[in-house]
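Chain by chain, the residues:
Number of protein chains: 2
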Amino acid sequence: MPLLHEVLEHNAHWVQERNRAVTKVPQKKVIIFTCMDTRLVDFLEPALGLRRGDAQMIKNAGNTLVDAGGGVVRSLVVAIHALGCEEIFVIGHRDCGMAQLDKEALRIKMLESGVPEEAINALHPTLGEWLGGFHDPLGNVQHVVQLLRDNPLIPKRVPVHGLMFDPSSGVLQVLVDGYPALPAGAAQP
Amino acid sequence: MPLLHEVLEHNAHWVQERNRAVTKVPQKKVIIFTCMDTRLVDFLEPALGLRRGDAQMIKNAGNTLVDAGGGVVRSLVVAIHALGCEEIFVIGHRDCGMAQLDKEALRIKMLESGVPEEAINALHPTLGEWLGGFHDPLGNVQHVVQLLRDNPLIPKRVPVHGLMFDPSSGVLQVLVDGYPALPAGAAQP
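Taken in order, these protein sequences are the chains called A and B.
Take 1392 as the starting number for the first sequence in my numbering and just add one per residue.
Take 1392 as the starting number for the second sequence in my numbering and just add one per residue.
Isolated chain A, as found in the complex (with noise of 0.2 Å):
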């Protein structure tokens, strides 16, 4: 059966069982910005004690932030000032696709696939800078965190952690707490 057609039938029983109602502003006022990762997918969420209704989800390759006025910061802008999220975790991952991409290999793949040279040419800087790959996920992470904290449509006031996420046993690790960051006087959560 094509995918499209296994997932309709599976949500048409699947919805007899439930029916929620859920408020669209985040109980817990946090916003994740995680990687697309298949690992992470039912999986992340449980392992912070995350349920539905408790946090916004921004997911990109690689959670990485390469332009500073794009959809991540845009996500983050209406999250925080129209659905009151007041926290931001970066979670980056062990084992990243990103961290081991291979740029030459990919153009391979492209082109195989019937992209034209010229699309993949005309992408600035270059293909391996588009994609915004890194060497260090533990870096990106931090990078990232630098990046927000340093970003004026970001508030001061709202913390900004890091952390690393192991996508095989599920262990979480702080690389940046963001609490001791915020301004002397402010209260913490």
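Be careful, since some hints might not be right.
To be verified - EDC-like mimics (lysine to aspartate or glutamate), calculated; alpha carbons at most 16 Å apart, straight line:
id	chain 1	residue 1	chain 2	residue 2
1	B	Lys-1547	A	Glu-1503
2	A	Lys-1415	B	Asp-1486
3	A	Lys-1415	B	Asp-1433
4	B	Lys-1547	B	Glu-1477
Claimed, not checked - Which chain B residues stay away from chain A? Per the calculated CB distances, all over 12 Å, these:
id	residue
5	Leu-1529
6	His-1534
7	Gln-1537
Stated by the list, open to error - Chain B is nowhere near these chain A residues, computed Cβ spacing over 10 Å in every case:
id	residue
8	Thr-1517
9	Gln-1537
10	Leu-1538
If you're looking for bench data, these hints aren't it; they were derived computationally from the structure.
Note that beta-carbon positions come from the ideal geometry of N, C-alpha and C, so glycine has one too.
Put chain B on the given structure of chain A with help from the hints.
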């Protein structure tokens, strides 16, 4: 207890109970692009019958695609060409916050939070256009499907489906079935 500490305490207990190895290549070879909304957390995946290891997930505010060369397309390129994904599901949802965004109220909240007015005025082209809100969540899904369908970095063999999710009932509805758009002669999955 501060949220960061609460999350860490939960995690320490949780990891003792689970430790499963899963490959980083998604078994169902699908990438989901959906919204950061908190009502979808711990709800959309089970509604689709997707479990850990099945799919990649990209999430932002309103599953919007403002920048054709931005993080969403970067993530899709990695998912398809480096991780073997063969289908894209764009999933919007009813009652989306991005469809009801009051830009003037948001500007006032940003100023009240200490965001410098010049940082807001520096957004291109304007705060409203930068945010990329929309009036019609269904129309947004159809627009994003078309943008991806027309993007030369996404191979023509990759079906791009458009779906709408009800964040209360969990009902899924097809807006665009990507299969018939496959080139004549291509096998359905």
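Evaluated hints:
no. : hint                    : verdict
1   : B:Lys-1547 x A:Glu-1503 : holds, 12 Å
2   : A:Lys-1415 x B:Asp-1486 : holds, 9 Å
3   : A:Lys-1415 x B:Asp-1433 : holds, 14 Å
4   : B:Lys-1547 x B:Glu-1477 : holds, 10 Å
5   : Leu-1529                : holds, 17 Å
6   : His-1534                : holds, 15 Å
7   : Gln-1537                : holds, 17 Å
8   : Thr-1517                : holds, 13 Å
9   : Gln-1537                : holds, 17 Å
10  : Leu-1538                : holds, 13 Å
This entry satisfies every hint, going by the numbered hints stated previously.
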